[in-house]
Amino acid sequence: SQQGEEDPQALSIQEGENATMNCSYKTSINNLQWYRQNSGRGLVHLILIRSNEREKHSGRLRVTLDTSKKSSSLLITASRAADTASYFCATDAVETSGSRLTFGEGTQLTVNP
Amino acid sequence: NAGVTQTPKFQVLKTGQSMTLQCAQDMNHNSMYWYRQDPGMGLRLIYYSASEGTTDKGEVPNGYNVSRLNKREFSLRLESAAPSQTSVYFCATHPLVAETQYFGPGTRLLVL
Numbered sequence: 001s002q003q004g005e006e007d008p009q010a011l012s013i014q015e016g017e018n019a020t021m022n023c024s025y026k027t028s029i030n031n032l033q034w035y036r037q038n039s040g041r042g043l044v045h046l047i048l049i050r051s052n053e054r055e056k057h058s059g060r061l062r063v064t065l066d067t068s069k070k071s072s073s074l075l076i077t078a079s080r081a082a083d084t085a086s087y088f089c090a091t092d093a094v095e096t097s098g099s100r101l102t103f104g105e106g107t108q109l110t111v112n113p
Numbered sequence: 001n002a003g004v005t006q007t008p009k010f011q012v013l014k015t016g017q018s019m020t021l022q023c024a025q026d027m028n029h030n031s032m033y034w035y036r037q038d039p040g041m042g043l044r045l046i047y048y049s050a051s052e053g054t055t056d057k058g059e060v061p062n063g064y065n066v067s068r069l070n071k072r073e074f075s076l077r078l079e080s081a082a083p084s085q086t087s088v089y090f091c092a093t094h095p096l097v098a099e100t101q102y103f104g105p106g107t108r109l110l111v112l
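Going down the list, the protein sequences come from chains A and B. Residues in the first sequence are numbered consecutively from 1, following the working numbering. Residues in the second sequence are numbered consecutively from 1, following the working numbering.
There may be inaccurate statements among the hints.
Quick list of in silico lysine to aspartate or glutamate cross-link-like pairs, DMTMM-like style, CA-CA up to 25 Å [as the list claims (entries may be wrong)]:
#  : chain 1 : residue 1 : chain 2 : residue 2
1  : B       : LYS14     : B       : GLU99
2  : A       : LYS69     : A       : ASP7
3  : A       : LYS70     : A       : GLU95
4  : B       : LYS71     : B       : ASP26
5  : A       : LYS26     : B       : ASP26
6  : A       : LYS26     : A       : GLU55
7  : A       : LYS69     : A       : GLU95
8  : A       : LYS56     : B       : GLU99
9  : A       : LYS26     : B       : ASP38
10 : B       : LYS9      : A       : GLU105
11 : A       : LYS69     : A       : GLU5
12 : B       : LYS57     : B       : ASP38
13 : A       : LYS26     : B       : GLU73
14 : B       : LYS71     : B       : GLU59
15 : A       : LYS56     : A       : GLU15
16 : B       : LYS57     : B       : GLU79
17 : A       : LYS56     : A       : ASP66
18 : A       : LYS26     : B       : GLU52
19 : B       : LYS14     : B       : GLU52
20 : B       : LYS57     : A       : GLU5
21 : A       : LYS69     : A       : GLU53
22 : A       : LYS26     : A       : GLU15
23 : A       : LYS69     : B       : GLU99
24 : A       : LYS26     : A       : GLU5
25 : A       : LYS56     : A       : GLU17
26 : A       : LYS70     : B       : GLU59
27 : B       : LYS57     : A       : ASP66
28 : B       : LYS14     : B       : ASP38
29 : A       : LYS56     : A       : ASP83
30 : A       : LYS70     : A       : GLU55
31 : B       : LYS57     : A       : ASP83
32 : A       : LYS70     : B       : GLU99
These aren't lab readings, by the way, just hints derived from the structure by calculation.
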C-alpha cells in the first residue's frame, strides 16, 4: 500500500494564486521529498525536507513537515500556468533507510491563465 | 551527459509475449530502480538494485525479472506479458550519499 497520501487529488486555481498540497504518511521517516511530473514525462525532484526540519524554502516553494502528525504540505506561491503538473510526495522510511522511496498517488494541479 | 535513458519509448505487446525494458545511466550512481505508474496513480516499486551485483524485490515484483548488467545498466524483463502489466514504466537512479532520485523519461507499454 502507498505510504503517502496526497490531498487534494486535484486542484484548479487561477494564475497568481497560491496552491497548497498536503501529504500524509504512516511510518517514521528520514526525509520526505516532493516531485513534479509534467504530462507524459518522468518525475523531477523539487525539494527535500529532513525529519529534523520543520520548514524549507526553495524559490516559490515552501514545504513544511510535522512529524508528530506524520504530514507535510507543499505551498507554491504566485502560481503560473507552467506550474500545471502532478505533484507527488515520497518518503524515505527509517525501516528501509536510504534504499528506497515510497510515493503517494499525487495531486494534479491545474493553473488557469 | 544524458542522465537516465530508457528504451524503448513505446511498445505494444500481445498477451504472452516477452520483452526487456532497458535503462542506462551515465551519472555513476550506485542504486537503480524500476517503477510502474498506472493512470492517475503514484509510482509503485517493482525491483531495485542498491549496488552492482545486487537486486531486491519491491512492492509489485510478480511477473517481472531484473538484471543489473553493470553499474550503468539495469534491465526489466516481462517473461509473459499480461494486460494487467499495461502501464508506464520508469527507471530511476540514486547516488550513494544523496537522497534524491533521478528519473528517466519512461516507457509506455500496452499489452493487448
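When you check the alpha-carbon spacing of LYS69 (chain A) and ASP7 (chain A), does it fall within 25 Å? With a Cα-Cα distance of about 15 Å, the restraint between LYS69 (chain A) and ASP7 (chain A) holds, given a limit of 25 Å.
Hint consistency between LYS71 (chain B) and GLU59 (chain B) [alpha-carbon to alpha-carbon, up to 25 Å]: Between LYS71 (chain B) and GLU59 (chain B) the Cα gap is close to 23 Å, so the pair holds against 25 Å.
Decide if the proposed pair is consistent with the structure: LYS57 (chain B) and ASP38 (chain B), CA atoms, cutoff 25 Å inclusive. Holds: LYS57 (chain B) and ASP38 (chain B) sit about 19 Å apart, inside 25 Å.
For the pair we were handed, LYS56 (chain A) and ASP83 (chain A), check the Cα-Cα distance against 25 Å. holds (19 Å)
With a cut-off of 25 Å on the C-alpha distance, tell me whether LYS70 (chain A) and GLU99 (chain B) pass. At roughly 19 Å apart (the allowed maximum being 25 Å), GLU99 (chain B) and LYS70 (chain A) satisfy the hint.
Taking only the CA atoms, is the gap from LYS26 (chain A) to GLU55 (chain A) under or equal to 25 Å? Roughly 20 Å between the alpha carbons, so the hint for LYS26 (chain A) and GLU55 (chain A) holds.
Take a quick look at whether LYS26 (chain A) and ASP38 (chain B) sit within 25 Å of each other, Cα to Cα. Roughly 22 Å separates the two Cα atoms, so the pair holds.
Could you grab the alpha-carbon distance between LYS14 (chain B) and GLU52 (chain B) and see if it respects the 25 Å cut-off? Given that 25 Å is the threshold and the Cα spacing comes to 32 Å, the pair is violated.
Hinted pair LYS26 (chain A) and GLU73 (chain B), Cα distance within 25 Å: Distance ~33 Å between LYS26 (chain A) and GLU73 (chain B) Cα, so the pair is violated.
Check the hint pairing LYS70 (chain A) with GLU95 (chain A) against an upper bound of 25 Å on the C-alpha distance. Roughly 15 Å separates the two Cα atoms, so the pair holds.
Given the hint that LYS69 (chain A) pairs with GLU53 (chain A), does the C-alpha gap stay at or below 25 Å? At roughly 14 Å apart (the allowed maximum being 25 Å), GLU53 (chain A) and LYS69 (chain A) satisfy the hint.
LYS69 (chain A) and GLU99 (chain B): Cα distance at most 25 Å? holds (23 Å)
Going down the numbered hints, you'll see the structure goes against 1, 5, 13, 18, 19, 22, 27 and 31, while the others check out.
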